[in-house]
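Asks: Heads up: the protein sequence lines correspond to chains Y and D, in order.
Numbering of the first sequence is given in our numbering, commencing with residue 1 and proceeding in unit increments.
Numbering of the second sequence is given in our numbering, commencing with residue 1 and proceeding in unit increments.
Hints in this document: simulated from the structure, not taken from any laboratory.
A hint or two may mislead.
What the hints assert, rightly or not - Partner residues are not named here, just some residues of chain D that face chain Y (Cβ under 10 Å, in silico):
1. Tyr18
2. Gly19
3. Thr21
4. Pro42
5. Arg83
6. Met84
7. Ile87
8. Arg92
9. Val96
10. Leu150
Said to hold, decoys possible - Beyond 12 Å from chain D on every Cβ pair, some chain Y residues (computed):
11. Pro168
12. Arg172
13. Asp188
14. Ala226
Quick reminder that beta carbons are idealized off the backbone N, C-alpha and C, glycines included.
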Amino acid sequence: MTPLKNIIRKNKFLDFLFIVLSSFFLLFSLLMLTLLILDLAVTGLPRISWAFLFSFPSRFADKAGILSAWVGTTCVMGVTALTAIPLGIASGIYLEEYAQKNWMMHLIEINISNLASVPSIVFGLMALGIFVYTLGLGHSILSAGLTLGLLILPIVICTTREAIRAVPGYIREASYAVGATQWQTIRDHILPYSTGGILTGIMIALCRAIGETAPLITIGALTFIAFLPHSLLDPFTVMPIQMFNWTSRPQEAFHVNAAATGIILLGMTLSMNAVAIYVRTSFRKKIQW
Amino acid sequence: MVAMENHKAEIKNLSFCYGQTRVLKNISFSIAEHRVTALIGPSGCGKTTLLRCFNRMHDLYPGNRYEGEIILYPDAFNLLSKRMDPIEIRMRISMVFQKANPFPKSIFENVAYGLKIRGVCDKHHLSQKVEEALKNAALWEEVKDRLSCLASSLSGGQQQRLCIARALATDPELVLFDEPTSALDPTATQRIEELIQELKKKYTIVIVTHNMQQAARVSDYTGFFYLGELIEFDRTDILFTNPKVKKTEEYITGRFG
Numbered sequence: 001m002t003p004l005k006n007i008i009r010k011n012k013f014l015d016f017l018f019i020v021l022s023s024f025f026l027l028f029s030l031l032m033l034t035l036l037i038l039d040l041a042v043t044g045l046p047r048i049s050w051a052f053l054f055s056f057p058s059r060f061a062d063k064a065g066i067l068s069a070w071v072g073t074t075c076v077m078g079v080t081a082l083t084a085i086p087l088g089i090a091s092g093i094y095l096e097e098y099a100q101k102n103w104m105m106h107l108i109e110i111n112i113s114n115l116a117s118v119p120s121i122v123f124g125l126m127a128l129g130i131f132v133y134t135l136g137l138g139h140s141i142l143s144a145g146l147t148l149g150l151l152i153l154p155i156v157i158c159t160t161r162e163a164i165r166a167v168p169g170y171i172r173e174a175s176y177a178v179g180a181t182q183w184q185t186i187r188d189h190i191l192p193y194s195t196g197g198i199l200t201g202i203m204i205a206l207c208r209a210i211g212e213t214a215p216l217i218t219i220g221a222l223t224f225i226a227f228l229p230h231s232l233l234d235p236f237t238v239m240p241i242q243m244f245n246w247t248s249r250p251q252e253a254f255h256v257n258a259a260a261t262g263i264i265l266l267g268m269t270l271s272m273n274a275v276a277i278y279v280r281t282s283f284r285k286k287i288q289w
Numbered sequence: 001m002v003a004m005e006n007h008k009a010e011i012k013n014l015s016f017c018y019g020q021t022r023v024l025k026n027i028s029f030s031i032a033e034h035r036v037t038a039l040i041g042p043s044g045c046g047k048t049t050l051l052r053c054f055n056r057m058h059d060l061y062p063g064n065r066y067e068g069e070i071i072l073y074p075d076a077f078n079l080l081s082k083r084m085d086p087i088e089i090r091m092r093i094s095m096v097f098q099k100a101n102p103f104p105k106s107i108f109e110n111v112a113y114g115l116k117i118r119g120v121c122d123k124h125h126l127s128q129k130v131e132e133a134l135k136n137a138a139l140w141e142e143v144k145d146r147l148s149c150l151a152s153s154l155s156g157g158q159q160q161r162l163c164i165a166r167a168l169a170t171d172p173e174l175v176l177f178d179e180p181t182s183a184l185d186p187t188a189t190q191r192i193e194e195l196i197q198e199l200k201k202k203y204t205i206v207i208v209t210h211n212m213q214q215a216a217r218v219s220d221y222t223g224f225f226y227l228g229e230l231i232e233f234d235r236t237d238i239l240f241t242n243p244k245v246k247k248t249e250e251y252i253t254g255r256f257g
């Protein structure tokens with residue numbers, strides 16, 4: 001009995017050790033994140049006011065605001081969503097439901113997942129060549145939206161495919177067995193049942209796009225804009241670029257502005273994530289296999 | 001061998017290949033109208049594969065090949081002909097699956113779906129047909145007050161009867177049952193067996209089952225399959241009491257399976 005008990009004691013100690021270690025690491029990484037956010041909040045929070053939200057940037061730190069930045073971000077994200085969502089969902093459906101499984105499709109699939117990991121600055125360079133110069137769209141909201149749209153397209157395609165694949169085969173068969181065509185099956189069953197997953201993917205993709213800076217700087221986003229855009233072909237700036245601009249200024253007061261902008265940007269991302277979680281759970285409640 | 005009755009379908013020299021493997025070998029028999037035909041045999045004998053030839057479910061997956069014919073009467077269509085549209089076939093021949101597979105929609109929507117894709121949109125007509133189908137599937141009394149509830153709120157046996165109602169709503173010429181009770185408890189199984197007895201007055205039924213007692217209880221004709229071949233086909237009472245082939249006797253007496 002005693003040797004057995006010794007072994008058990010030793011095993012249980014290892015168990016305990018592992019729990020202590022892993023919770024320590026968890027707490028450490030959480031602490032780091034909290035510190036970052038706290039630092040941002042302490043610096044930036046007092047600066048946030050209606051005036052800050054509704055003023056244009058200025059030479060004077062205390063008069064500067066982020067109106068043109070968040071309007072720019074909203075417009076660019078609108079264009080991004082309008083391009084990436086329909087294209088991504090349609091491509092996902094085609095690849096998952098219609099495409100023949102041959103080497104061509106295999107090649108396309110591999111390349112789409114590769115595209116998802118291409119550095120965003122490369123997309124920026126490509127967009128500079130194609131959208132800004134060849135198509136002549138200029139350093140505009142439209143160019144920026146299209147660039148970010150292309151950037152997140154692979155993410156939307158992949159998550160759409162995963163969501164579609166999660167619909168069990170017997171549901172498809174049930175639909176075909178009553179005489180539905182492929183499109184009827186997709187429209188009436190596969191899409192409605194995978195909406196939760198697709199919307200979550202879209203939200204995650206948009207969250208990535210909203211924080212992108214590099215490709216927009218590459219296509220020539222301005223850093224100082226003191227007017228609101230009148231059309232999609234107008235120049236623009238976005239929140240992360242506004243932040244970047246302010247942090248590179250020597251005056252301390254501009255750093256405070258940058259922190260405040262960071263908080264707003266963080267708030268936008270978090271609320272998009274919250275929407276994604278809400279959508280996912282509410283759809284999951286309705287659909288049980 | 002088979003007494004003279006009206007034929008609903010006739011299987012002629014049917015073979016089915018999945019890739020390079022020949023899963024069904026040269027099968028021929030007839031399906032009598034308003035009768036229950038059971039297909040029995042050990043796992044992997046091809047009985048489900050055969051059933052899925054009737055509504056061309058194999059067309060959904062690549063690498064399959066049919067040989068031979070399945071003639072559907074009275075029109076004398078060859079169901080396996082390349083010219084027959086599988087959509088049309090599936091609109092005329094319904095199927096009930098092994099595992100209840102209702103759509104994650106309301107009870108009403110489940111039954112009405114087949115009608116909707118046939119272009120029925122008149123609300124009154126639709127609800128009439130749904131009620132009729134649910135009554136035929138012996139489910140109406142249990143669900144008439146909650147037609148808008150999700151199908152997943154029903155019990156397993158009720159879900160399977162809902163799938164039967166979905167299959168009946170479109171007035172099929174032939175109803176295919178693929179081991180419809182294999183996932184159900186004995187009480188639910190008994191209800192479905194009684195239902196099948198009732199349904200044969202209106203419909204022609206083909207049922208695949210791995211349960212020999214079930215075949216003996218519900219069917220009028222039985223085919224015994226082994227390794228992709230039809231070993232014996234006869235009236236159920238004859239096949240089970242006086243099988244002509246030794247393999248059949250060994251299977252129905254439980255010596256292998």
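Asks: Decide, hint by hint, whether the structure agrees.
Replies: Here is what the structure says about each hint:
1. Using the Cβ-Cβ criterion of 10 Å, the hint placing tyrosine 18 of chain D at the interface with chain Y is not satisfied: the shortest such distance is roughly 16 Å.
2. Because the closest C-beta pair between glycine 19 of chain D and chain Y is about 14 Å apart, greater than 10 Å, the hint is violated.
3. Given the 10 Å rule on beta carbons, the hint for threonine 21 of chain D is violated: about 19 Å separates it from the nearest Cβ of chain Y.
4. The beta carbon of proline 42 of chain D comes no nearer than 23 Å to any beta carbon in chain Y, farther than 10 Å, and the hint placing it at the interface is violated.
5. A least Cβ separation of about 17 Å between arginine 83 of chain D and chain Y goes past the 10 Å threshold, and the interface hint is therefore violated.
6. The closest approach between the C-beta of methionine 84 of chain D and any C-beta of chain Y is roughly 13 Å, which is over the 10 Å cut-off, so the hint fails.
7. Evaluation of the isoleucine 87 of chain D hint against chain Y yields a held restraint, the C-beta minimum of about 6 Å falling below 10 Å.
8. With its C-beta approaching chain Y no nearer than about 8 Å, arginine 92 of chain D sits inside the 10 Å limit, and its interface hint holds.
9. Annotation: interface hint on valine 96 of chain D holds; nearest CB of chain Y at approximately 9 Å, less than 10 Å.
10. Checking leucine 150 of chain D against chain Y: minimum C-beta separation of about 7 Å stays under 10 Å; hint holds.
11. Proline 168 of chain Y, annotated as away from the interface, has a beta carbon of chain D within 12 Å; the closest lies near 8 Å.
12. Distance check for arginine 172 of chain Y against chain D: the nearest CB is about 8 Å away, which does not clear 12 Å, and the non-interface claim fails.
13. The non-interface label for aspartate 188 of chain Y is inconsistent with chain D: the shortest C-beta to C-beta separation is roughly 7 Å, within 12 Å.
14. Under the 12 Å C-beta cut-off, the non-interface status given to alanine 226 of chain Y relative to chain D holds; the minimum distance is some 53 Å.
Hints 1, 2, 3, 4, 5, 6, 11, 12, 13, counting from the list given before, are not met by this structure.
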